[in-house]
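Asks: For reference, the chains in residue letters:
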Amino acid sequence: MALTGIQIFKMTPKKNCKECGSPTCMAFSMKVAQGAADISACPHMSEEALATLADATAPPMKTIKIGAGDAEYTLGGETVLYRHEKTFVSRPRYAVAICSCMDDATIDAKLEGLKKVDYERIGERMYVELIYVNYSAEDGQDKYLDIVKKAAATGRTLVLECTDEAVAKAALDICKDSKPVLNGATAANAEAMNAVATEAGVVLGVSGADLNEIYDTIAKLEGLGNKNLVVDVTGADVKTTFANAVQLRRAAIKDGDRTCGYPSIVKVAKLAKDDKYLQEALAALFTMKYGSIIVLQDMDYDQALPLYGLRQNVFTDPQKPMTVEPGIYPINGGDENSLCLTTVDFALTYFVVSGELERSGVPCNLLISDAGGMSVLTAWAAGKLSSGTIAKFIEEQVKDKVSCRKLVIPGKVAVLKGDLEAKLPDWEIIVAPNEATQLVKFMKEMA
Amino acid sequence: MPFNQKPQKFSAKINTVTIGTGDKAISLGGESVLPFYTFDGDIENAPKVGVEITDNGIDDSLPGIKAFYDGCASVADMAKKASQMEGADFVVLTLVGGDPNGDNKSVEDLVAIVKEVVAAVDCPLVVKGCSNVEKDAALLPKVAEACQGTNALIMSAKEENYKAVGASVGLAYDLNMGAESAVDINLAKQLNVISTQLGVKADRIAMDVGTAAVGYGYEYVVSAMDRIRGAALSQDDATLQMPIITPVANDSWNVKEAVASEEDFPEWGPREERGIGMEIMTAASDLVSGSNAVILRHPQSVATIAKMVKELV
Amino acid sequence: MLLFDTVFNGNDAVYKLTEDAVNSAIAQHGEDKAVGFPDTAYGLPCYNAVTGTKIKTLKDIKDAMGVVKSLMTRERRINDAFMSGVATALCAEFIEALKYIDGATPYAEPCYGHLADAIIRELGVPLVTGDIPGVAVILGSAPTAQEGADLVKSYQEQGILVTLVGGIIDQVAEVGMKTGANVRVIPLGKDVTSVIHVVSVALRAALIFGNIKPGDAANLMKYTFERVPAFVNAFKPLDDVIVACGAGAIALGFPVVTNDMDYANGVKVPKSLIRLEDVSKFNAASLEARDIKIKITHIDIPVSYASAFEGEIIRRGDMQVEFDGSRVDCFELVQTKEAAEIEDHKIELIGPDIDEFEVGSKHNIGFVVEVGGKKMQTDFESVIERKFHTYINGGEGIMHTGQRDMIRIRISKDAFNAGFRAKHLGEILYAKVKNDYEAVVDRCQVKIYTNPEDCKELRHGLVFNVFEKRDERLLSLTDESVDVYYSCILCQAFSPSHVCVVTPERLGLCGAVSWLDAKATNELEPEGACQIITKEGVIDEKLGAYESVNTAVKKYSMGALEKVTLYSIMEDPMTSCGCFECICGIEPMSNGVAIANREYAGATPLGMTFSEMASMTGGGVQTPGFMGHGKHFISSKKFMAAEGGLERIVWMPKELKDFVAERLNATAKEMYGIDNFTDMIGDETIAEDPETLFTFLQEKNHPALSMDPLM
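The listed protein sequences correspond, in order, to chains A, B and C. Residues in the first sequence are numbered consecutively from 1, following this note's numbering. Residues in the second sequence are numbered consecutively from 448, following this note's numbering. Residues in the third sequence are numbered consecutively from 761, following this note's numbering.
Careful, some of the hints might be misleading.
What follows is a set of in silico ranges between Cβ atoms, one per label pair, in the way DEER data are often shown [to be verified]:
hint	chain 1	residue 1	chain 2	residue 2	range
1	A	L50	B	P713	54 to 62 angstroms
2	C	Q1163	A	L50	56 to 64 angstroms
3	B	A520	A	Q438	31 to 39 angstroms
4	C	K1315	A	D237	27 to 35 angstroms
5	B	A520	A	D237	39 to 47 angstroms
6	B	F712	C	G1120	57 to 65 angstroms
7	A	E112	B	E709	15 to 23 angstroms
8	C	K1315	A	R121	34 to 42 angstroms
9	B	A472	C	K982	49 to 57 angstroms
10	A	K441	B	A566	30 to 38 angstroms
11	A	S403	C	G1120	32 to 40 angstroms
I should point out that these hints are in silico values taken from the structure, not numbers from a laboratory. Quick reminder that beta carbons are idealized off the backbone N, C-alpha and C, glycines included.
Please model the entire structure based on the sequences and the hints provided.
Replies: Right under this line is the structure:
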């Protein structure tokens, strides 16, 4: 049972020494209870308290870090099975797979291709974070080391799949500083691989014939003192893989079985068997349910646009709505003479409104002011969207940039019209319909 | 020590709603496990895939769709063709042209199309309204009359017009009713409660709890469906045990990623492929969140999702 | 003669008539001759519905006559009369069925006779939705053709389906009125037995729309009573047969209004048999007797009405006239009255109208909106009254600000020129109140006063009196003084497992839902966001722990929460959504709590900002030691009552402190005898860290320092 902040507070020295980085012991305790801080950050805890707390406050699922520097990513650390219960904390990372069995041209094309997808969406950079490098014994160690070098040169974090410890060691010698994952431990080689991974200081991936074998291997590795693991849950088919991913996560979080509490690797590329569309479906499926590293054949915009959008949505904190940057957003080629419409910075509102405006085909400017990321009515009720905030935004950031003096306000805050007319005397204030779906008709009538 | 498997089968179960008649009839729901959790228990009826066509005919801006329906001279022809699509379990006719803010086609014209479609296909039929509540209140009772005896599912009953739709669909003509709410467990529940109070039988209701395209506030969809399924199964809440049917096509094909032209965004590549991606990923996510059926538009999406379902169940 | 005897006689007469007709039909066609109505799957629908038996042949009718006979008991009890009425109706159906033998078409334009199943399916939908708010059955001849036609028209205009039997059919034809199913006026037939065709509609509706099994007479009656809003208007002279049919109607729950003042005088069947000389009053009397409410779809004013006009401001120069409560006596008031005291939709202007005022001038105005209804409660008055602002603002060219007696209304020149006058304010209020509060308001009338003397007298008398009573009621509303609390899940869209328990002394933590609001919401929308929570199974009174509260919280959080207490922030505190106005959290050093409001962006002595506290407390998760709440809750006697109450407050931002000072100090004085309690409470100008705060509290000798340890 998780401890509350108050229970943790009672065990702190209550000195408010700030050495943990929090201004008070209470603030620190609340953070620990949330999993946002580690109890070991407090230098003044008694041994006894630490022992009690470490066990009780350790999250059911390990937080595993892979990569280095800018390319460092956090996996796992989840505390719930459904986002509405609290929030998901670590989004899955996508990898493009290459293999030493491929010819050079294919490999080069893939490495080049994955760079093409790199864009920003609501403040988040969307790109292929990882490269999954498969070892093919037939093609030998040299070829493998070659492609590891090539892949490492891209600066992306690598996941090496290799069950041959000598080859793995050689590969790690090339790239261990960038903290790749070594997906190579099996029931047969666990001890040897453990030594390789530990020596190189990298995360070790565990795979097995079924969940029982995987479980045993994890237990063995934990017995050897290695808890820096990820689990390759990919089975023979989609059904088995999904069952593995869900059951492992559920055992960790619902049943508190810490041996199951590691991030996962799902090799969608292998399951989709060259069916690009099935790969799309499965990438979404495992983004929703419990993939941590999702391995794909390729990444292109067809796949990236929906997939990264999905990930961004599912991995937002339910209590912190996504927001768009305040500013002027021209739509359908809107220029300084085009009609101005305003709404809030809540990302969902922005998308719905801008989508309808785009559908109308009428050039216009969408003005987004800071409304604390709330929807129109909520922002209005909370005072984050008022005639004052809109007028201030127009005065400071809009009026010098556009010459049109017509401003459309959301129908739900029609009540602001009069005040706005008073505050922005040279603007004509127009009330839009209540629902975004009525905007297309409205815009066509305005045009 | 082996992995300690703890199957989580619930004592509650999702209602089974049957659509259509004869050999091709399909059943939605019936399971007492979470979506695709076959390791917890059997899934009686695999999720189903429907093909959407509209009264506006063929969308010839998409080559794949244009090619598929090539040669169809009427909506009825399209329906027939759609019913033979690989992976399709049922056909959905959306009467989008009825919208007073759009083409504003008359009730009579639309009902005539429905009648032709009813006569043309022998697979289960789903009819969706034009999304304007007043128009649907006038239109759907007439649609229900035209569908008498087909055991069709008539969707688009909303809180504002559920009485007109429910009374005709559920009571007068004994068809299945699709209760539509906007991504909120309490709204979905309330609509089910008042619909059953009206007299519509619980096992004749499928819920359309709404969706969004992935990337467009999809987190609300996930949470709404997770909670609805949670309440139905773990809380045994009978007012939320209706199967869920989710129209994916419209949301997917209307977002920027699926609308923007290749000229405007050359690096994005062909529009059709982007739309398919949007449709497939939204459908896959809806299914794993709790939808018992999805409604899609593109033949490629239909085939793919059907394949995924087959792999999982 | 007693009504019983009339019914029995009428029934006997009809029975005899039917018996003869059946016998002669058998003589003519033989027993095996098929009988039935065209285009129905229900055989003889009335007989089938009541008994569950489908009649196919004349022999079946003969057998059925025996069943009918068994209904005709002759005790002088109300049930016997009803059953005889039903028996009469069934006989009428047999007589009508005989007319259709051999595919005959006994009815010709404009009469319909039997109505097909398809028509019922079609009419049934608007009946269920309320688009057809009622079904009138008009029987006999009105005193004059014009009076008859006017009555029919009055129903038609309300969307009511009108069926006609007997002389009224010729009367409406005489004045040139169109009839037919498409205009919802359906002449059935000229024989009184043709009335069975509308009964057949009602009963088939029950079978089709109510899922009633044929033969389930008890549920059949229940359905027609509850769901088929039919009523009968029978013109004089009545005879025994009509009265017997009328008993059948009443048995199905359909009231009868007649202008035959002599018939069976002295018998009272309240709300079911109404004698009324004046035919022009039949409409109102029938609707009220059958509890039919007509939806108002159009507000009868000369300017547009829409929520888009809500924010319109009317400047001095554009203004025709102004009413200003800050200068002269003005007020608005909702008052509950007995229904009998209210004439629905009466709008009365007492004093001069707007056109008698000079352009740009300032005047008095007062509205009293009198409402009545079976479910109306005085507690709803202020809830309705608060909506006036929104209601009046919806008119184009009309501006309203303020509430109670501090209102200001401006009417623009454009609105005036379009014909807007004082009574139109009444029209707006009438229409909106009737529509929005349909569940509780059956009748509504509006009085508008514009004489300065009237306004002054009423304001200082009636109005202040009512306001005072309301304020007293609010003060007397305590958690102990009421029987029920309410759940509120309005914000579950954002915060899925959160449930507010709203009590008189603890409003919703968003600050927007008071106990009275929740009560009204529950009454208006019984399936909505606010549900009743009873106070049963006390677990701990001090903590405010009740079994019934726990059960409710578990149910409405879909099992996410097991239990909450009403008054503790340490033990199972109430959860918070995300919309809270304030959060309080324990400040351990001073043994008290610090409060931060949403607007305050700075640091608190807890070492956390509002948003840091919010991220830990929100989302419907129980966080002992922390709690979200409304601003007004700070001065409540129930504020963390289990931990000693508001004496524990040691810190809050200055702005918030100023906002709550008056009420907080008053409660502190009353509860603990502390003067100017807020002077003892720290704020950001005094301390943002616990040590400085502690020193300050020591100087002030803050009571929290010497209270029992919080933990």
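Asks: All hints are to be evaluated individually against the structure, with a verdict given for each.
Replies: Now for the hints, and whether the structure bears them out:
no., hint, result
1, A:L50 - B:P713: 54 to 62 angstroms, "58 angstroms, holds"
2, C:Q1163 - A:L50: 56 to 64 angstroms, "59 angstroms, holds"
3, B:A520 - A:Q438: 31 to 39 angstroms, "34 angstroms, holds"
4, C:K1315 - A:D237: 27 to 35 angstroms, "41 angstroms, violated"
5, B:A520 - A:D237: 39 to 47 angstroms, "43 angstroms, holds"
6, B:F712 - C:G1120: 57 to 65 angstroms, "59 angstroms, holds"
7, A:E112 - B:E709: 15 to 23 angstroms, "21 angstroms, holds"
8, C:K1315 - A:R121: 34 to 42 angstroms, "40 angstroms, holds"
9, B:A472 - C:K982: 49 to 57 angstroms, "35 angstroms, violated"
10, A:K441 - B:A566: 30 to 38 angstroms, "34 angstroms, holds"
11, A:S403 - C:G1120: 32 to 40 angstroms, "36 angstroms, holds"
In this structure, the hints that do not hold are numbers 4 and 9, in rising order.
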